[in-house]
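Chemist: Next come the chains, spelled out residue by residue.
2 protein chains.
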Amino acid sequence: MSLPPKALILIADGTEEMEFTITYDTLVRGGIITTSAYISTTPSLDRLSDATTTSAGQGQVTLISPPTAKCSRGVRIMPDIYFEPSASGFGPDKYDLLVIPGGAKGAEIMARDGGVQKLVRDYLGQGKYVGMICAGSLVAKTSGLPSQPITSHPSIKSELENSFEYSEDSVVVSGKLVTSRGPGSTFPFALTLVELLVGSEKRKEITPPMMFPSGTPW
Amino acid sequence: MSLPPKALILIADGTEEMEFTITYDTLVRGGIITTSAYISTTPSLDRLSDATTTSAGQGQVTLISPPTAKCSRGVRIMPDIYFEPSASGFGPDKYDLLVIPGGAKGAEIMARDGGVQKLVRDYLGQGKYVGMICAGSLVAKTSGLPSQPITSHPSIKSELENSFEYSEDSVVVSGKLVTSRGPGSTFPFALTLVELLVGSEKRKEITPPMMFPSGTPW
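Chain order of the listed sequences is A and B. Mapped onto the UniProt record's numbering, the consecutive letters of the first sequence carry residue numbers 1 to 218. Mapped onto the UniProt record's numbering, the consecutive letters of the second sequence carry residue numbers 1 to 218.
Bound conformation, chain A alone (with noise of 0.2 Å):
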């Protein structure tokens, strides 16, 4: 058996909570190893801002409590691990997948991100799938892709469709491109990842247990 593959899943403040862990959760139901990574929108130094300093006995320490997503309606996520543009370790040599997640001020850091668009085009231009995901699709235009199906939250549509095909489908996939429009669309967004990375009897092992009601498209 081959090894089982890897996603990389951005996180930011103002992330859709929903989108971030419906995907999150569902790849790893899938069996693929899932890693999230926080883009900070202040160099690493700054991230002392959060830090309190004490002191006890003669001397003297700084607490840091490592940085959380405050996400779009207030559910606070720890991330895995810490984006770091001049790190390696985050490329598509190290995982299978990259997922941009919705929510429009999470998405807008990521977007205006040089290191996370470049992670886009790294990751399409050496044949690995990326996903985005409501106002993540944002991201698929400031890193400068070329023309190709879309879709997004709709209010977002007035960005992308001067750009690309604009589509109304719940999920778009596009070559290793794979676009959803919103929360409510985020199961079948991400079941579609999981089957195009580990196959379609994974999808369909993962499903039942999910229990969703009787005519749920997908």
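Warning: the hint list may mix true and false statements.
No distinction is drawn between identical chains; accordingly, a pair holds when it is met within one copy or between any pair of copies.
[Claimed, not checked] No more than 27 Å apart at the CA atoms, straight line, and that leaves these computed lysine-lysine pairs for DSS-like:
1. 176 <-> 105
2. 118 <-> 141
3. 105 <-> 70
4. 202 <-> 70
5. 157 <-> 202
6. 105 <-> 202
7. 157 <-> 70
8. 157 <-> 204
9. 118 <-> 128
10. 105 <-> 204
11. 70 <-> 6
In short, the hints are calculated from the structure, not lab data. Here the structure is a predicted model, which is why all the values come from computation and not from measurement.
Since the structure of chain A is already known, use the hints to place chain B on it.
Modeler: Coordinates of chain B only, in the frame set by chain A:
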């Protein structure tokens, strides 16, 4: 206008992160003030087991990370508050809804916790809503609730069917007790709670922007 309702959603190590996050996020979208509380398996002082000790200069200080819930598929969520059975502030005088998510291990922690069992009885006794999903429905049994219509993940059906009127509907409303089946039924579960607490107009308002695929049966 009346004040918005408030919800308390429990979380523990092993909680199903999709069930937690979808419910939390959807309640917030419904205008419900939502707070998560961590149920520890250990007395509060034992939280120091996560601590590391470091020395700086001549001083020494113990660093304590705030405990996060390590959820069923590895997502780590930082709760808003920490549940203390002896403290006031968690009861039906403070919140209008108590939610017990699933995830086998997390639900078992909650089901065994006398403080949680008392909360469930207090909420229902004072006419406040209680939601349980997936293995979370175990708490109905350990809390000694009377026989009534209930559902759960099928993996714990055998533990409930002799004590309750077991249903296989995706969402079961029995007076103030609302139960559901699994991650795949969390959206209709959470939307039902929104409708019960703030009305069907709010449910209709928040559903379309979530972008459920055409034909989704909720």
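Chemist: It remains to establish, for every hint, whether it holds in the given structure.
Modeler: Verification of the hints:
no.	hint	verdict
1	176 <-> 105	within (25 Å within a copy, 36 Å between copies)
2	118 <-> 141	within (12 Å within a copy, 53 Å between copies)
3	105 <-> 70	both (11 Å within a copy, 25 Å between copies)
4	202 <-> 70	between (32 Å within a copy, 25 Å between copies)
5	157 <-> 202	between (33 Å within a copy, 25 Å between copies)
6	105 <-> 202	between (33 Å within a copy, 24 Å between copies)
7	157 <-> 70	within (25 Å within a copy, 36 Å between copies)
8	157 <-> 204	between (32 Å within a copy, 22 Å between copies)
9	118 <-> 128	within (13 Å within a copy, 51 Å between copies)
10	105 <-> 204	between (34 Å within a copy, 25 Å between copies)
11	70 <-> 6	both (25 Å within a copy, 20 Å between copies)
In summary, the structure agrees with every hint in the numbered list given earlier.
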